[in-house]
Amino acid sequence: MGLEAHLQHASLLKKVAESMKDLCKDVNFDCSEKGIEVQCMDSSHVALVSVLLRESAFAEFKCDRPVSLGMNIDSLTKILKMTSANDSLKIRHQTDADTVNFQCEGSDDRIADFDLKLMQIESEHMEIPEQHYKVVAKLPSSEFQKVCRDLKEFGETIQISGSKEGLKFMVQGDLGSGNVMLKPREGEKPEEKVSLTVHEPVTATFALRYLVNFAKAEKLCGSVELGLSPDAPLLVKYDLETADKGHMQFYLAPKIDE
Amino acid sequence: MGLEAHLQHASLLKKVAESMKDLCKDVNFDCSEKGIEVQCMDSSHVALVSVLLRESAFAEFKCDRPVSLGMNIDSLTKILKMTSANDSLKIRHQTDADTVNFQCEGSDDRIADFDLKLMQIESEHMEIPEQHYKVVAKLPSSEFQKVCRDLKEFGETIQISGSKEGLKFMVQGDLGSGNVMLKPREGEKPEEKVSLTVHEPVTATFALRYLVNFAKAEKLCGSVELGLSPDAPLLVKYDLETADKGHMQFYLAPKIDE
Amino acid sequence: MGLEAHLQHASLLKKVAESMKDLCKDVNFDCSEKGIEVQCMDSSHVALVSVLLRESAFAEFKCDRPVSLGMNIDSLTKILKMTSANDSLKIRHQTDADTVNFQCEGSDDRIADFDLKLMQIESEHMEIPEQHYKVVAKLPSSEFQKVCRDLKEFGETIQISGSKEGLKFMVQGDLGSGNVMLKPREGEKPEEKVSLTVHEPVTATFALRYLVNFAKAEKLCGSVELGLSPDAPLLVKYDLETADKGHMQFYLAPKIDE
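Residue numbers (this note's numbering), protein chains in the order written: chain A, 611 to 868; chain W, 611 to 868; chain X, 611 to 868.
These are computed hints drawn from the structure, not numbers from a lab.
Heads up, a few of these hints could be off.
Keeping only pairs whose Cα atoms sit at most 27 angstroms apart, straight-line, the calculated BS3-like set for lysine-lysine is [unchecked claim]:
#1 LYS793(X) x LYS700(W)
#2 LYS688(X) x LYS727(W)
#3 LYS688(W) x LYS688(X)
#4 LYS756(X) x LYS865(X)
#5 LYS793(W) x LYS631(W)
#6 LYS756(X) x LYS826(X)
#7 LYS748(W) x LYS803(W)
#8 LYS691(A) x LYS688(W)
#9 LYS756(A) x LYS865(X)
#10 LYS778(A) x LYS865(X)
#11 LYS774(A) x LYS727(X)
#12 LYS631(W) x LYS688(W)
Restraint-style ranges between C-beta atoms, simulated for each label pair [what the hints assert, rightly or not]:
#13 ARG759(A) x GLY680(W): 47 to 55 angstroms
#14 GLY716(X) x ASP841(A): 52 to 60 angstroms
#15 THR687(W) x ASP841(X): 50 to 58 angstroms
#16 PRO800(A) x ALA853(W): 47 to 55 angstroms
#17 MET611(W) x SER787(X): 55 to 63 angstroms
For clarity, every value in this text was computed on a predicted model and none was experimentally measured.
We put the beta carbon where it would ideally sit given N, CA and C, even for glycine.
For reference, chain A alone in the conformation it holds in the complex:
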């Protein structure tokens, strides 16, 4: 036996796969005793997606030796669509087998089983150096999604500005110019909070359509973390429900003004 991983809720992997779908096509799921990791650049090499599903996210997790399982994200999404909200999921891979098995089971004696053919995918794992961002902002993930969707109607480029006053998103286009300002605030629930840690105010410019794609991951977690530094990639980070289960991180290179 190579890999045997049981998720209590198939929905966790389902949400991860759906959040990757618009940016990644064929990716390696790198399995090791630490858990499952995915890294992939989008086709234009402007954005990087990095997922870590920690071993502790699983009800049971065994991985004899590291293995990379190459899958097409659309195919994986189709398989996970078979699962219902409370189904559990078992992922199994026999060492050297050319398929990976997904078995989901509901409380209703319904067992869905799928053997997915594996793919050989060229990829190299990048080490992403830990970055000390000048501005770290936490905001509700639904609000981040709304800002990105609203502003994409008006232009292709977004300027994000973080300061003690708050987080400001700005767009200019043919119709005029608009901005949304989120001021720091408390919330009844932690995910309703807007908070900023500002070592130094930062303003940077990005291609808005990537942010629209990242923001679809809002179902992963109630809040999202943005990390901004001058001339550095933007970090958009979602915990997988809770931080101890892992995270999904998006990196986006800034647009440099000519």
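Based on these hints, arrange chains W and X on the given structure of chain A.
Structure of chains W and X alone, referenced to chain A:
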């Protein structure tokens, strides 16, 4: 007067018409003192749809002499879309008239009335011999629909296998192979039950897209009955809410392995 | 300062803009101390839209001197999509400025701000003479929408007939002929009522697709008023929530039978 039939809830005929829409185009509604019957082959002559709306399904039912009313299902669907959930429906046809009248009435003094032009449709009524199926399975109609929709993502052909262990649906395709197993189970409500009567285990193969179409009839009834015999057409049967009102039956010829 | 207008709920203007969208493209918002008025013909010059947002609809309203602000309705709709259900809205225009500013603010310290470029639009304001209609009918706006949508499936021309018996909508087409009759009725809520004032029975004929467009304004108000006179345009009138805030009126020229 030829035909006068009152349905307490127009929604019953609405659901029947919507369930026929994808398979039938122009059909005869054969009216007699027994009620209203429809039989129609799909255009590829692989599937047969058979509906019986018993006289007892109607609050009032008079039919002086047998008459075949030829209608286009899309037109009928458009008319029935005018009805709201609790509207009652009167269907009236004067002997030899070239229109049939639909009148629906809500509790709100709203009366919608439509005279639909009748069509001349060639058709012959087949006698479908009562079949003694080797496997008869009952399952929730929503679950049957989910299985068909899920598996159609992976292949065009489905293998259905009925045995004492349960009912198994299998698909093979480019991505790999999958199956869903439903084991017999009790349920709080009768329509949540999965039950099998197995005289002899049967495995047979069918074109999946027809099953996807049949399964849309799930709104007719909470449970669906499947009948399987070797080399015989599959039966997919829905009661019209309750068995005494009638039923909608689909027959599908098996695919013979070369 | 030229114009400064505060709406307690941005949703009021949002609904007005969405109700104009299918009929109007570029329109002048004529601002004066009375409030804001819009008048616009549809491109085929068969229908006229007339909106009055009274000064009293605003929490605050200042307009130093009359000004016409030319805007594209699609752009305005995009801006107002940024607002959430309970956001307040400030509209500001400095005398002679070439932009108008929209600022919406939620209870959650989220401020969205947009400067929309103004357009120069040729238009002349028509005086619409007060008409004394032979039939004035009030009905639920959702029911008016349902009738228009249902009947448009069967034909392009609708005949509306108002008499003491009620309001009748008739369509003839290839499939046959249909009609919906609404009889006068009381309702638990005022907007559930159907009432008719009939000085003289009227029957008139209209292009149905315009009515389908008008009827989308149903979100403005629970009830709609129709005004009918022989050979005169049909009036379809919605209050903006309540009559004292203003109204949205549609006029449609009748089809003359050859």
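Results of checking the hints against the structure:
1. A distance of roughly 19 angstroms separates the Cα atoms of LYS793(X) and LYS700(W); the hinted pair therefore holds under the 27 angstroms criterion.
2. Between the alpha carbons of LYS688(X) and LYS727(W) the distance comes to roughly 45 angstroms, so the proposed pair goes past 27 angstroms and is violated.
3. Of the pairs offered as hints, the one joining LYS688(W) and LYS688(X) is violated, with about 34 angstroms between alpha carbons and a cut-off of 27 angstroms exceeded.
4. About 22 angstroms separates the Cα atoms of LYS756(X) and LYS865(X), which keeps this hinted pair within 27 angstroms; it holds.
5. A C-alpha spacing of about 32 angstroms is found between LYS793(W) and LYS631(W), which places the hinted pair above 27 angstroms, so the restraint is violated.
6. Only pairs whose Cα atoms come within 27 angstroms are accepted, and LYS756(X) paired with LYS826(X) is accepted, the gap being roughly 10 angstroms.
7. Taken as a hint, the LYS748(W) and LYS803(W) pair is honoured in the structure, with Cα atoms around 7 angstroms apart against an allowance of 27 angstroms.
8. For the hint pairing LYS691(A) with LYS688(W), the CA-to-CA distance comes to about 32 angstroms; that exceeds 27 angstroms, so the pair is violated.
9. Between the alpha carbons of LYS756(A) and LYS865(X) the distance comes to roughly 45 angstroms, so the proposed pair goes past 27 angstroms and is violated.
10. A distance of roughly 54 angstroms separates the Cα atoms of LYS778(A) and LYS865(X); the hinted pair therefore is violated under the 27 angstroms criterion.
11. As the CA atoms of LYS774(A) and LYS727(X) are separated by approximately 30 angstroms, the hinted pair breaks the 27 angstroms bound.
12. For the given pair, LYS631(W) sits about 11 angstroms from LYS688(W) by alpha-carbon distance, which is consistent with the 27 angstroms threshold.
13. For ARG759(A) paired with GLY680(W), a C-beta distance near 50 angstroms keeps the hint of 47 to 55 angstroms intact.
14. Range check, GLY716(X) to ASP841(A): about 33 angstroms between beta-carbon atoms, so the 52 to 60 angstroms window is missed.
15. At about 37 angstroms, the beta-carbon gap between THR687(W) and ASP841(X) misses the expected band of 50 to 58 angstroms.
16. Restraint check, PRO800(A) to ALA853(W): a C-beta distance of roughly 54 angstroms satisfies the suggested window 47 to 55 angstroms.
17. At about 20 angstroms, the CB distance of MET611(W) to SER787(X) disagrees with the hint of 55 to 63 angstroms.
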